[in-house]
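Undergrad: Note that the protein sequences, when read in sequence, are chains A and B. For the first sequence, my numbering gives the first residue as 1, with consecutive numbering after it. For the second sequence, my numbering gives the first residue as 1, with consecutive numbering after it.
Source of the hints: derived by calculation from the structure; they are not laboratory data. A few of these clues could be false.
[Unchecked claim] Mimicking SDA-like on lysine to any residue, the simulated pairs with C-alpha atoms at most 25 Å apart in a straight line are:
no., chain 1, residue 1, chain 2, residue 2
1, B, K300, B, V357
2, A, K10, B, V357
3, A, K76, B, L4
4, A, K112, B, S109
5, B, K246, A, I149
6, B, K66, B, Q186
7, B, K126, B, A114
8, B, K418, A, N8
9, B, K300, B, F315
10, B, K248, A, K211
11, A, K10, A, K211
12, B, K160, B, G71
13, A, K179, A, L125
14, B, K246, A, T134
15, B, K246, A, K211
16, A, K130, B, F315
Small disclaimer: the values here were computed from a predicted structure and weren't measured.
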Amino acid sequence: MIKINELNKKYKGAEHYSVAALTLHIEEQEIFGLLGPNGAGKTTLISMLSSLIKPTSGSFSIDGLNFQEHSNELKKIIGIVPQEYALYPSLTAFENLSYFGSTYGIKGNQLKDKINEHLETLGLLNFAHKKISTFSGGMKRRINLIASILHEPKVLFLDEPTVGVDVQSKNVIIEHLKKLNATGTTMIYTSHHLNEAEDFCTRVAIIDDGKIITKGKPNALVAGHSNARNLEDVFLAITGKALRDYA
Amino acid sequence: MHKLFASTYKEFLLLTRDIGGLAILFLMPILLVITITTIQDGTFKIIKETKIPVLWVDEDQGEISKSIFEGFSNSKTLELITASSEDEAKSSVFKGDYQLAIVIPKNLSTDLAAKVDENVSGIMAKFGLEEDSATVVDKTPIAQKEIRLYFDPATQYAFKSSIKNGINQMIAKVETQSIYKAFQEQLEEDTSEDFFETESFISFKEIVPNGMQDDAIPNATQHNIPAWSLFAIFFIILPLSINMVKEKNQGTFVRLRTNPISYATVLGGKTLVFLAVALLQFGIMLLIGVFLFPIIGLPKLEISGNVSILFVVAFFAGLAAIGLGLLLGTIAKSQEQSAPFGATFVVILAALGGVWVPVFAMPSFMQSISRLSPMNWGLNAFYDVFLRNVDFPELIPEISLLFLFFIATTLIAILYNKRQNSV
Chain A
1 MIKINELNKK YKGAEHYSVA ALTLHIEEQE IFGLLGPNGA GKTTLISMLS SLIKPTSGSF
61 SIDGLNFQEH SNELKKIIGI VPQEYALYPS LTAFENLSYF GSTYGIKGNQ LKDKINEHLE
121 TLGLLNFAHK KISTFSGGMK RRINLIASIL HEPKVLFLDE PTVGVDVQSK NVIIEHLKKL
181 NATGTTMIYT SHHLNEAEDF CTRVAIIDDG KIITKGKPNA LVAGHSNARN LEDVFLAITG
241 KALRDYA
Chain B
1 MHKLFASTYK EFLLLTRDIG GLAILFLMPI LLVITITTIQ DGTFKIIKET KIPVLWVDED
61 QGEISKSIFE GFSNSKTLEL ITASSEDEAK SSVFKGDYQL AIVIPKNLST DLAAKVDENV
121 SGIMAKFGLE EDSATVVDKT PIAQKEIRLY FDPATQYAFK SSIKNGINQM IAKVETQSIY
181 KAFQEQLEED TSEDFFETES FISFKEIVPN GMQDDAIPNA TQHNIPAWSL FAIFFIILPL
241 SINMVKEKNQ GTFVRLRTNP ISYATVLGGK TLVFLAVALL QFGIMLLIGV FLFPIIGLPK
301 LEISGNVSIL FVVAFFAGLA AIGLGLLLGT IAKSQEQSAP FGATFVVILA ALGGVWVPVF
361 AMPSFMQSIS RLSPMNWGLN AFYDVFLRNV DFPELIPEIS LLFLFFIATT LIAILYNKRQ
421 NSV
């Protein structure tokens, strides 16, 4: 589904590559976790794959569509759940979702039905006509997710989709994503919640300094490291315990 | 088309829920036009209907000073108050108690009469009309006389200038009359008979453009409504650019970049909503000029031209302002960049456009720069309709420039965005 070949990204003025010669193949319907410390290159990689930033070199394709030649077609088959809420605070949940759904060409009753269906599943139907500015962090996260999946994308990029939310909201979000995945959606997921990743992802890659250090099924990675009881132990064994502060 | 409609509806919702933005767009221009017109009209009324007290020191006590005193007393603008001495008058003016003191020097009347007699006798002698050499005036040098004016340093230049012109005119008239009188004395024994006609032969009359009423001389309202309507229309760039910067900060702009919607469509939605705002602003300003101004004692706005043509000008002026707002909103990265720059830029454009000082009164290089200001094109087009009573074809050059400005700024915004965010 996703083929990444020798992908590089170096920001203007930066000394090092944020993503360095990264090659990766992700199969259809996988939930692929990109794990790494701060500044490892996770968000940069997702930003390139979702057409937000331009790679310095290398190439990738999604569902056979090359990013350089089929940029517009790619946008129709992908969805991105950004780290930030990316919603209009003065509009209601329904108005936000109507607008973002319309940008994919969905309209009329079809749009209305899809919005209501997702709002109901994620427990927000009663808040459909309340302004986003009145929502809690967890509610905003759920609306943020719905805005990205109304068009039923083939590939969904999730950049820390559960950061800063309570356990209940996190649970609802993860369950909803699993249902989506069951319908055929391929997912690329980043998070610092390694327990969540271990449970949620079918395969993970640990990246550091823009490179993939290791990849595989979570349980296989844990089994492959002696003394590792979970993915977090594997992560610390590979990336070390030193702080990763950047300015 | 569906995406454009959705974007337009979203912009409409965002705008109608932004109370501060709506206040900037509608309330501020209304307050501005009422305040400025009231001040300008009040100033006009003060000059026209209220007399300004002026100190008068007469050290001459002759015919000339009497003549000047009568001239000022008959004027509708000044009220002369006699001061006891030049020092007292000077002190009062420099303390700011009075705007002006006029001091007539000693022997002005006798010296002017002597000077005129000397000149007239000289001319008569040239023509061989003097009776004998004994009548020739003794040629003792006569020193030049000066009327001294003391102005309060805070007095506006325009007031100073008009007072000086008034005194000049009065002195010229007195001098002319003295010359005529001297000739009459030389030629006639009876000076009571009017030998020369001393009234002005040449007068002037203001002619208004074809199709306008003779009494439709432009007043403060006729100038202020188009000028401040245009200022308000261009102030759109402020809320528009802030709206765009907010989208970047909220992350919604990032989401839109990943969605299959073009930047042109996003800008199209903003353009349609803010264009409606510009036309609404203009309509409100017209209604205020026509209906509210007479109620609050200001001159009524006379719309001599076609109202629909006025809205055509407002339409294109609105487009030009929106183009600039889209460009600023595309380039600015924060509200700290867009808000001060937008506000300052509108003020500069207004100054260049002739909203405060007429373009013809600017230095020549500023006049050249002014011709590049879209507000100048818009203001000229409004004046063409409001004051010059021109037909639509004559507006085509100005509205074409406004439209081209919109196209150019919007294209630059789209290209800039593409270059910044291309993948």
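Undergrad: Hint by hint, note whether the structure agrees.
TA: Going down the list of hints, with the structure as the test:
no.	hint	in the structure
1	B/K300 <-> B/V357	holds (23 Å)
2	A/K10 <-> B/V357	violated (53 Å)
3	A/K76 <-> B/L4	holds (17 Å)
4	A/K112 <-> B/S109	violated (96 Å)
5	B/K246 <-> A/I149	holds (24 Å)
6	B/K66 <-> B/Q186	holds (24 Å)
7	B/K126 <-> B/A114	holds (18 Å)
8	B/K418 <-> A/N8	holds (21 Å)
9	B/K300 <-> B/F315	holds (24 Å)
10	B/K248 <-> A/K211	violated (30 Å)
11	A/K10 <-> A/K211	holds (13 Å)
12	B/K160 <-> B/G71	holds (18 Å)
13	A/K179 <-> A/L125	holds (19 Å)
14	B/K246 <-> A/T134	holds (18 Å)
15	B/K246 <-> A/K211	violated (34 Å)
16	A/K130 <-> B/F315	violated (36 Å)
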